[in-house]
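Chemist: Okay, here's what each chain looks like letter by letter:
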Amino acid sequence: MSRLVPFFGFLLLVALFGFGIWWNTQHDQREVPSPLINKAAPAYVLPRLDDPTQTVSRDSMLGKPYLINVFASWCIACGEEHPVLMTEGQRIGVPIVGYNYKDEPGDAKAWLDRHGNPYAMVIADHEGRTAIDFGVYGAPESFLVDAKGVIRYKRIGPLTPDVIEKELKPAIAALQKEAP
Amino acid sequence: MRALLRSLALAALMALSTVVLAQAIDPLPFKDHAEEVRFQKLTRELRCLVCQNENLADSNADLARDLRREVFQLMQSGKSDAEIKQYLVDRYSDFVLYDPPVQGSTLLLWFGPLAILLAGAAVVVTTIRKRNRNDAGPAANDEGDDW
Chain H
1 MSRLVPFFGF
11 LLLVALFGFG
21 IWWNTQHDQR
31 EVPSPLINKA
41 APAYVLPRLD
51 DPTQTVSRDS
61 MLGKPYLINV
71 FASWCIACGE
81 EHPVLMTEGQ
91 RIGVPIVGYN
101 YKDEPGDAKA
111 WLDRHGNPYA
121 MVIADHEGRT
131 AIDFGVYGAP
141 ESFLVDAKGV
151 IRYKRIGPLT
161 PDVIEKELKP
171 AIAALQKEAP
Chain Y
1 MRALLRSLAL
11 AALMALSTVV
21 LAQAIDPLPF
31 KDHAEEVRFQ
41 KLTRELRCLV
51 CQNENLADSN
61 ADLARDLRRE
71 VFQLMQSGKS
81 DAEIKQYLVD
91 RYSDFVLYDP
101 PVQGSTLLLW
111 FGPLAILLAG
121 AAVVVTTIRK
131 RNRNDAGPAA
141 NDEGDDW
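So the protein sequences, as listed, match chains H and Y.
Mapped onto full-length UniProt numbering, the consecutive letters of the first sequence carry residue numbers 1 to 180.
Mapped onto full-length UniProt numbering, the consecutive letters of the second sequence carry residue numbers 1 to 147.
Since the hints were derived computationally from the structure, they do not count as laboratory data.
Where hints are given, some of them may not hold.
Here are some, though not all, of the chain Y residues that point toward chain H, as calculated from beta-carbon distances under 10 Å [said to hold, decoys possible]:
| # | residue |
| --- | --- |
| 1 | C48 |
| 2 | Q52 |
| 3 | V89 |
| 4 | S93 |
| 5 | Y98 |
| 6 | D99 |
| 7 | V102 |
| 8 | T127 |
Every residue, glycine too, gets a C-beta built ideally from N, C-alpha and C.
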C-alpha cells in the first residue's frame, strides 16, 4: 500500500495541473473583478461630446437605470462591439450613455458619424481622470447603473449578443423587478 | 589602470544615462531624492492593469502613466503609502497589489506551498520510521534482496 503513495501523489499533481489548464480556458485572465459592484457610482461631472458647455453628472442621471458604455475611436474591440450596440441597443430596455474615453472629440464624432450612434447621449472624458474612479483600465467596458446611482453590473470587453442575453438582460430585469 | 578607469567611466556614464532615460519617460517634479525613491518603491509594488505582468513603475501603457501621475499627486497631498494603495484597491480591487492580502480567498495562495511541503515531509518521516521499525525486527526480508 505504502509504495502506492508516490503514484497517488503523481495522480494528484496531474489532476492539479489538469485543473489549472481547464481553469485557464474557462475564464478571461485579463478580467479584473470590479470592487464597485453594488456600490454607488463615483460622482462624476463630464461634458457632453456634442455640446461641451453642457455637463452630465451622476446626480443628474438619478431616477432611472442606464448603461454606461466606455468606448473610443482608437479602440479596436469597440469597433467589434459597435454593430451589436446598433442592433441590440434599442432592445435592452435602458438608455445607453456613451463614455468617450481618452479620445479626441473630432475623432469620436467622425467615428460615430461613420458607424452610427447607438447612444442616448455621449459624455467625454478626454483626460481619463474620471475613468480612474470607475476603475476603467481599457475599452470597451460597460456599467449598469440603477435608478439610485448604484453600479449593479460590469462587463469588461465587448458586449456580445450572448453576453447581453445571458448577463445584461437578467441584470436589467432584476432592476425592473425592484422598482415597480 | 587606464583601461580600468575607462571602463569605470563608461559604467558611470551608462548608469547616468539610465537615470536620464527613466526621467524622460515621466518627468515628475520630485522635491528631493527621498521622495523619488519612495515613489519608485511604491509604483513597483503596484500592478499595471493593462499589461498585467508589469508593475506601474516599468510599464509604458497609457493608463500606467495616468496612474503614476495619480500616485504622485496623492503623495503630494500627504497620503501615506497604505492610503495610496487603498485608493487604488477601491477602484481596481486587490488585483493592483503585487502582494495580495491574506484573506479567505488567498489562503491557498499564501499557505498552499507550505502545506504541500509539510505533507511531503510527513510522507518522508513516516516512510523512514516504518523502514527503521522493519530493520529492528528479526525478519528484515526486504533488506538486501537484490544484492
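Chemist: Confirm or reject each hint.
Modeler: How the hints compare with the structure:
no.: 1; hint: C48; in the structure: 9 Å, holds
no.: 2; hint: Q52; in the structure: 7 Å, holds
no.: 3; hint: V89; in the structure: 7 Å, holds
no.: 4; hint: S93; in the structure: 5 Å, holds
no.: 5; hint: Y98; in the structure: 14 Å, violated
no.: 6; hint: D99; in the structure: 16 Å, violated
no.: 7; hint: V102; in the structure: 18 Å, violated
no.: 8; hint: T127; in the structure: 7 Å, holds
Of the numbered hints given earlier, the model fails hints 5, 6 and 7; all others are met.
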